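J.: This is what each chain is made of:
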Amino acid sequence: MKHTLAVLVENKSGVLARVAVLFSRRGYNIDSLAVGVTEDPTISRMTIVVRGDDHVLEQVTKQLNKLIDVIKVTDISSDESVERELALIKVTADANTRSEIIQIVDIFRARIIDVAAKSMTIEVTGDEEKIVGIEQLLSSFGIKEMVRTGKVALTRGIKSV
Amino acid sequence: MTGATEKMTGARAFIECLSKEGVEVIFGYPGGVLLPIYDELYDADVRHILVRHEQAAAHAADGYARATGKTGVCLATSGPGATNLVTGIATAYMDSVPMVAFTGQVPGSMIGNDAFQEADITGITLPITKHNYLVPEAVELPRIIKEAFHIASTGRQGPVLVDMPKDVTTDELDFSYPEKVELRGYKPTFNGNLLQVKKAAQEISRSTCPVIYAGGGVISSDASSELLAFAEKIMAPVTTTLTGIGAFPGNHLLSLGMLGMHGTKYANYAIQESDLLITIGARFDDRVTGKIESFAPNARVMHIDIDPAEISKNVHVDIPIVGDAKEVLASLTKHVMKCKSENWIKKVGEWKVKYPLHYVNSDEFIKPQYIIEQIHEACEDAIIVTDVGQHQMWAAQYFSFKEPRMFITSGGLGTMGYGFPAAIGAKVGRPDKVVFDIAGDGSFQMNSQELATVVENDIPVIVAVFNNGYLGMVRQWQELFYEHRYSHTCISGSVDFVKLAEAYGALGLRAARPPEVRPVIDEAIASGRPTVIDFIVEREENVSPMVPAGAAINEILDLERKS
Ligand SMILES: Cc1ncc(C[n+]2csc(CCOP(=O)(O)OP(=O)(O)O)c2C)c(N)n1
Ligand SMILES: [Mg+2]
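Protein chains in written order, with this note's numbering: chain A, 1 to 161; chain B, 162 to 724.
Chain B on its own, in the form it takes in the complex (with noise of 0.2 Å):
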């Protein structure tokens, strides 16, 4: 502890502990317990944002942090505000974004009589957060705000929720807020060990077919420059996975597009057939590897990774380096030399141009992926958000990305009425960027009422509802496995999306042709207005390539609609 103290309440100190962490944002929900907390907002300096349901708080600071790589903060009040938060929570945690998530709770007095409005967060999160607090007394929450920073954007970053009890926020404390966190038993390991690291650039120079499966990983550790010096040293082609889409530049020669059930056929049969897969913070999710056992079944598997608990807890790691990306990324490409990859790369290069991603436009039907190559043609730096279903997986193939932090959206959890909030969250954190949120007739639906905030606040996102009238991802499926027996899958017709945007007053577009696409584009971009735009789209496309669950990655079906 340094400097004089200066005594205030809790509620105060919980302020001047955000303007400490450099929070310039908070986006929260009111209630009872944190009427001492929304007193002191009144004329804090740091701006909060409204939301209009507590899981998009925890959305808006998830796509606030993806889009910015700093910690994401919400707000939300105790009981229900609290338990509105958990999806929000689960996704931030599945994917490893930094994310501190404040609640309000009962007194401590009352806590465990089942007070009004209590809930046992700490309790519900204990599975979905990287560490949670219940503040016992005020002068612990400076400590414990610290702490919650240092623990969600460190290692493996994560989500961490502080549960302030009612009397924490207007009891008083002496104020000082410490320097430095003590946690013995949290030490993230930085470096990798230099003897891992020789050893892995000896067998990647031993490789001729070498593999990079990037992951969410690379670029939370802001190493993409230095993968791509490594990849461009050894020669070796790069795939990533959908929350590393960015880590690497898709239009780069030597990049294989996203891997998995709907990845590129050719980053499939290369990871089949090469000998050597260089992981970097990724995991090996069941939605990359297909049938585990016959997962790239010819390699060695060199595994880098922040977290110890990710090597080997999926698929044998051969060569483990544990330490951060950025680090070990520098030092591999100080030690490594090129690998005798010229034949592969030919090889590879063949199947890129043999089994490209593709599909059958149409001059009657607008066409989902002609709608994000357009897109990408009015706007390539455009950020990415996405819900969940087929619009993602498109969204994921057809927009080349050339950096990180580009593409935002849930990959672990697959959290439908993500994209709307999470994207309100980049364009305030990357006001400079367009921000497109492309979404579901479904996804959307789970958290529209958000437009009630970006109308409010003035924070233009683009809205591009790939109005299908289906839940198409599981239309999809039941199509395939289930004899097209739609169950409960239809919601077409349901829904005005122009008059809804309306009704809150923003920019409500739609486009039902061909032609029509581009336009509504580049007016929603020009507008400058928080937009929506109904594309009604061919109702039964599908996500083309394929993997089917439980099939390896190069048992891989086209499924292209011919129209």
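Isolated chain A (complex conformation) (with noise of 0.2 Å):
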């Protein structure tokens, strides 16, 4: 099971390391993590996707709670957020190519944000799905480089964690 953890954390050097040490050394596995300052600059928000079952979740909860510097710690894997990834994708493509990548560029509604003789490189948000689902369909082509800013997630509504 994955579970996407809204993680405050006061905005202070070391509290990434404080999270990170925690995760490893209670071997929690994390899928990705992204991070970065919210609405009120002291504070800065972490979007943490984790694998494990109910148990493992409530141990990190838990763990991250006891920590001084985590402010706040709230489950928003459910239906009621919305999540979005951001890939950079750098592709192989010549004049033989290209028009087809864009088409699949098109119906993924990505963009393209850089076009050199041999490559190009092109920018997606969605979720994972969409995500995967572009990887796979570039992958013929040959993929040089990528480079994905893990989920970020807010819930839906006036309400927030």
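Don't take every hint at face value.
Restricting the straight-line Cα-Cα distance to at most 30 Å, the calculated cross-link-like pairs of lysine-lysine (DSSO-like) are [stated by the list, open to error]:
| # | chain 1 | residue 1 | chain 2 | residue 2 |
| --- | --- | --- | --- | --- |
| 1 | B | Lys307 | B | Lys181 |
| 2 | B | Lys360 | A | Lys66 |
| 3 | A | Lys159 | A | Lys62 |
| 4 | B | Lys231 | A | Lys62 |
| 5 | A | Lys2 | B | Lys348 |
| 6 | B | Lys307 | A | Lys62 |
| 7 | B | Lys359 | B | Lys515 |
| 8 | A | Lys2 | B | Lys231 |
| 9 | A | Lys12 | A | Lys62 |
| 10 | B | Lys501 | B | Lys515 |
| 11 | B | Lys307 | A | Lys12 |
| 12 | B | Lys499 | B | Lys360 |
| 13 | A | Lys62 | B | Lys341 |
Keep in mind the hints are simulated off the structure, nothing from the lab.
Quick caveat, the model's predicted, so the values are computed rather than measured.
Please dock the two separately framed chains into a single complex, following the hints provided.
T.: Have a look at this one:
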């Protein structure tokens, strides 16, 4: 089972290390971790995707809460949240393949952000399925390089975590 | 912030902060980056005890904290000084001991350059501190020290490290000590949820075979009298963990002594047959539970703990109550009724008679258990600090403790070398008490250099070396599980502990035959001097009973050696 945790932390140096050490020491598996400052500059927000059953999730949540610099931990795995990830994908491209790649990019409502003689770089935003989908289709052209941000998520509606 | 501010250096502010926190003693060792602080300590009011190894400073701060309930303080220089604290910090962390460890650090501008004596001590201690700080600027020092003491001493207690770059101690700041801490990420739950408490009370009144399993948390929360009132009201027998020893009077009718690997048979049997396990301030350590799937198989599990992360960590908990043991027990006792436990108490009482702790004494050789009994007889209200090994288990088994904070031992980490420096800390904190360090010949050699500290500062602790010429606990396992192949566990013949004591100016005594045991104990107590007693004990005595690793706790063996 995958869970998405929204973790509000003090925006201080060293907090990421504390979280990372906690996960590695207790043997929890992180699928992805994205972090950035929030509307309040003293608070950063981490979106952590962890793998594990309910017992693991409960332990992860409690252990995170024990960190002094962690302000709040919320499980937002349910349908009541919107989730996005951004990926940049650099594919091999030449005059012969370029138009085919552009078609795929259109279908996925992705964007081309760099074009060169032998390559194209594509920006795609979406949920995991979409990113895996475009990656698969583009792989036949040859993916030179790829980077993903990891998932970020917000709850739906007016309520916040 | 309140009051007028005053301009001073970080080093001076450090001293001021300690005084605001009511710190009466620091265990420390100087070095280059600490020169500004040591210069302040030269004529400061706070007592500083110079140890001979920084590990001893950390253990002494820990022993002081466990003996007094106050927060222990140690101080070490950057690099090797700081890394020497690590074992002591980890020891305190595993047993949830309130401690603030201060370290010097290279100047901020040099951090990250592999400067002389630079070590990333906040990085190193991340997983073994409750929290730690690298002080960025002198102005932050008072707030950080305030927070450090607050975090160390509240909630589930533990060590906090404060790393102070040299420039932080030399820069000037406008000093004022904050009155309150503001930590939005730290709000320990103190009072148990009343609904849960009432639910627990109902569950208790339905139980016919309850057992209370009490750990070190009862002592940390100063909840011994609440535990006694609770146990007597519901009429449930009480077993304690190693670090919970003293939380409940050992001589009480309801006491089952210690449980687990070297616990009493009757405690382990009671756990296995109980229908309700009331766990208080304990954490289901593997040395307690044995094979975890077979632990307390018939029992509903209730768990009272200040740390929510302990609930259902190792064992599924049916009735959790998160809160401070003292508060929760007081409120539970109010709501609870007596269990229908008459038959159960009778049954457990029969086990106590049928399966007592026992050993075969000898006229010829000194049995280690006999020494413990003799120390108990000579001075039953002594503070007993131990090292780690067989001697530690005998102390836990054969000394009957009536009060908390009288038995001080490294439980979670099992740190050899802990005993002597921790005894120093205990004696400094409780000068009114006779303090014994029950030491192994192996363990004592890990910190025997502290003889210099006790002699120089006239700290009269009594080190009782249980000299079996072996790393006995490991030898015991080799005997039982590795066909008597005593690989690198024989340490006999190397040290004359009497001469060692004398070389440092301490009193050295020896007992080699049973009749000599009591006289040397009495002599050591009467001397009022730092003393080492070399007890030449039966070499291959085993700790009994014993649950082999991986077995259920009722699969407990007698290992008693006839001689
Ligand atoms: C620092 C450290 N190193 C190693 C161990 C493993 N260990 C546990 S008990 C023990 C033997 C202790 O020997 P001694 O102090 O003589 O006590 P005895 O068991 O003989 O009473 C050892 C090596 C430990 N607990 N701590
Ligand atoms: Mg030994």
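J.: Now look at each hint and say whether the structure bears it out.
T.: Hint by hint, here is what the structure shows:
1. B:Lys307 - B:Lys181: Measuring from Cα to Cα gives roughly 9 Å; hence the hint holds.
2. B:Lys360 - A:Lys66: Holds, because 26 Å separates the two Cα atoms, which is no more than 30 Å.
3. A:Lys159 - A:Lys62: Distance of about 23 Å is within 30 Å: holds.
4. B:Lys231 - A:Lys62: Within the cut-off at roughly 27 Å; holds.
5. A:Lys2 - B:Lys348: holds (29 Å)
6. B:Lys307 - A:Lys62: holds (25 Å)
7. B:Lys359 - B:Lys515: violated (37 Å)
8. A:Lys2 - B:Lys231: violated (43 Å)
9. A:Lys12 - A:Lys62: holds (21 Å)
10. B:Lys501 - B:Lys515: Between B:Lys501 and B:Lys515 the Cα gap is close to 23 Å, so the pair holds against 30 Å.
11. B:Lys307 - A:Lys12: holds (18 Å)
12. B:Lys499 - B:Lys360: holds (15 Å)
13. A:Lys62 - B:Lys341: Given pair A:Lys62, B:Lys341 holds - Cα atoms ~26 Å apart, limit 30 Å.
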